[in-house]
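Enquirer: Quick mapping for you: the protein sequence lines, in order, are chains R and H.
Quick note on numbering: the first sequence equals residues 1 to 112 in this note's numbering.
Quick note on numbering: the second sequence equals residues 1 to 112 in this note's numbering.
Accuracy of the hints is not assured; some may be wrong.
Given that identical chains are not distinguished, each listed pair holds provided it fits within a single copy or across any two copies.
As the list claims (entries may be wrong) - Capping the alpha-carbon separation at 25 Å, the derived lysine to any residue pairs in SDA-like fashion look like this:
1. K56 <-> G111
2. K107 <-> T79
3. K107 <-> P12
4. K107 <-> V14
5. K56 <-> A46
6. K107 <-> R67
7. K56 <-> T21
8. K107 <-> T48
9. K107 <-> L9
10. K56 <-> L100
11. K107 <-> D76
12. K107 <-> A24
13. K107 <-> D13
14. K107 <-> S60
15. K107 <-> D91
16. K56 <-> D99
17. K56 <-> R106
Worth flagging that the hints you see were computed from the coordinates, not collected in a lab.
2 protein chains.
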Amino acid sequence: MASRTSTDLVHPDVTDLDFTTVLAALGDPVRLAIVARLGDAGTELACTTFALPVSKSTQSGHFRVLREAGVIRQRDEGTRRFNSLRRTDLDTRFPGLLDLAIPQGRKVFEGW
Amino acid sequence: MASRTSTDLVHPDVTDLDFTTVLAALGDPVRLAIVARLGDAGTELACTTFALPVSKSTQSGHFRVLREAGVIRQRDEGTRRFNSLRRTDLDTRFPGLLDLAIPQGRKVFEGW
Numbered sequence: 001m002a003s004r005t006s007t008d009l010v011h012p013d014v015t016d017l018d019f020t021t022v023l024a025a026l027g028d029p030v031r032l033a034i035v036a037r038l039g040d041a042g043t044e045l046a047c048t049t050f051a052l053p054v055s056k057s058t059q060s061g062h063f064r065v066l067r068e069a070g071v072i073r074q075r076d077e078g079t080r081r082f083n084s085l086r087r088t089d090l091d092t093r094f095p096g097l098l099d100l101a102i103p104q105g106r107k108v109f110e111g112w
Numbered sequence: 001m002a003s004r005t006s007t008d009l010v011h012p013d014v015t016d017l018d019f020t021t022v023l024a025a026l027g028d029p030v031r032l033a034i035v036a037r038l039g040d041a042g043t044e045l046a047c048t049t050f051a052l053p054v055s056k057s058t059q060s061g062h063f064r065v066l067r068e069a070g071v072i073r074q075r076d077e078g079t080r081r082f083n084s085l086r087r088t089d090l091d092t093r094f095p096g097l098l099d100l101a102i103p104q105g106r107k108v109f110e111g112w
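Make the full structure from the sequences, and use the hints.
Expert: Dropping the structure here:
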């Protein structure tokens with residue numbers, strides 16, 4: 001069986017980012033918390049490092065929504081999937097949105 | 001039959017506004033366009049004055065989502081329902097969000 005490769009992972013171009021799609025992606029406590037975590041980390045994080053109060057499959061779904069909306073970038077390395085925030089792309093297209101969202105996502109984490 | 005009154009319309013307190021609920025409410029092109037229209041009007045507008053490319057019942061659903069999220073205020077006068085943007089409440093709780101959302105909602109309108 002072929003191993004999963006990063007080429008399977010679709011990412012929208014920065015010019016194709018859609019404001020309502022991005023808002024809908026951020027409009028969920030778990031996804032907002034993921035974004036805050038990635039924003040605070042400032043680097044890529046493996047999916048396994050997020051301590052989220054949801055099942056593994058639900059978690060995967062949340063990462064996928066964020067990737068397809070263009071909020072995060074994902075890449076595979078061996079059996080691990082890494083995630084990073086598309087900070088520059090989002091700051092370019094929707095300036096101020098992440099600055100507003102990240103502190104709110106931190107509060108979600110603090111509430112868990 | 002009793003006429004519909006504004007007391008039927010539930011509005012969350014400003015302190016109860018939830019960031020992800022507000023983002024999810026704004027994360028739809030029709031709802032974002034409604035918000036832009038109300039923001040630009042700077043006053044209340046009757047539901048009938050919005051030229052939206054959706055059915056009347058779908059439109060009512062969108063207004064309801066916005067009200068329940070705390071984005072708009074609704075009141076009934078006779079048979080008409082008026083809508084206004086909760087600009088001060090939103091600016092207080094999530095500064096900058098509407099400044100970002102309204103221009104994006106205008107683009108939605110322009111695309112119709």
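Enquirer: So, for every hint listed, does it hold in this structure?
Expert: Structure-based check of all given hints:
Taking the closest pair of Cα atoms, K56 and G111 come within 25 Å of each other only inside a single copy of the chain (20 Å); across copies the shortest separation is 39 Å, beyond that limit. In the homo-oligomer, the alpha carbons of K107 and T79 never lie at most 25 Å apart, since the shortest distance is 31 Å inside one protomer and 42 Å across protomers. In this assembly of identical chains, K107 and P12 lie within 25 Å of each other by CA distance solely across copies; the values are 20 Å between and 28 Å within a copy. When the C-alpha separation of K107 and V14 is checked against a cutoff of 25 Å, the pair qualifies only between copies, where the shortest distance is 17 Å, while the shortest distance within a copy is 28 Å.
In the homo-oligomer, the alpha carbons of K56 and A46 lie at most 25 Å apart inside one protomer (13 Å), although the nearest pairing across protomers, at 46 Å, exceeds that limit. Proximity of K107 and R67 under a CA criterion of 25 Å is satisfied in both settings, with 22 Å inside one chain copy and 24 Å between copies. For the homomeric pair K56 and T21, the shortest alpha-carbon distances inside one copy (23 Å) and between copies (24 Å) are both at most 25 Å. For a Cα distance limit of 25 Å, the shortest separation of K107 from T48 inside one copy, 21 Å, qualifies, whereas the shortest one across copies, 39 Å, does not.
With identical chains, the CA atoms of K107 and L9 are never at most 25 Å apart, being 30 Å at best within one copy and 29 Å at best between copies. Taking the shortest alpha-carbon separations for K56 and L100, neither the intra-copy value of 28 Å nor the inter-copy value of 34 Å comes in at or below 25 Å. In the homo-oligomer, the alpha carbons of K107 and D76 never lie at most 25 Å apart, since the shortest distance is 29 Å inside one protomer and 36 Å across protomers. In this assembly of identical chains, the alpha carbons of K107 and A24 lie at most 25 Å apart whether taken from the same copy (19 Å) or from different copies (17 Å).
Taking the closest pair of Cα atoms, K107 and D13 come within 25 Å of each other only across two copies (19 Å); inside a single copy the shortest separation is 30 Å, beyond that limit. Within a single copy, K107 and S60 get their C-alpha atoms as close as 22 Å, which meets the 25 Å cut-off; across copies the closest is 32 Å, which misses it. Proximity of K107 and D91 under a CA criterion of 25 Å is satisfied in both settings, with 21 Å inside one chain copy and 19 Å between copies. Proximity of K56 to D99 under the C-alpha cut-off of 25 Å is found in neither arrangement, the shortest distances being 28 Å within a copy and 36 Å between copies.
Taking the shortest alpha-carbon separations for K56 and R106, only the intra-copy value of 21 Å comes in at or below 25 Å, while the best inter-copy value is 39 Å.
This entry does not satisfy hints 2, 9, 10, 11 and 16, going by the numbered hints stated previously.
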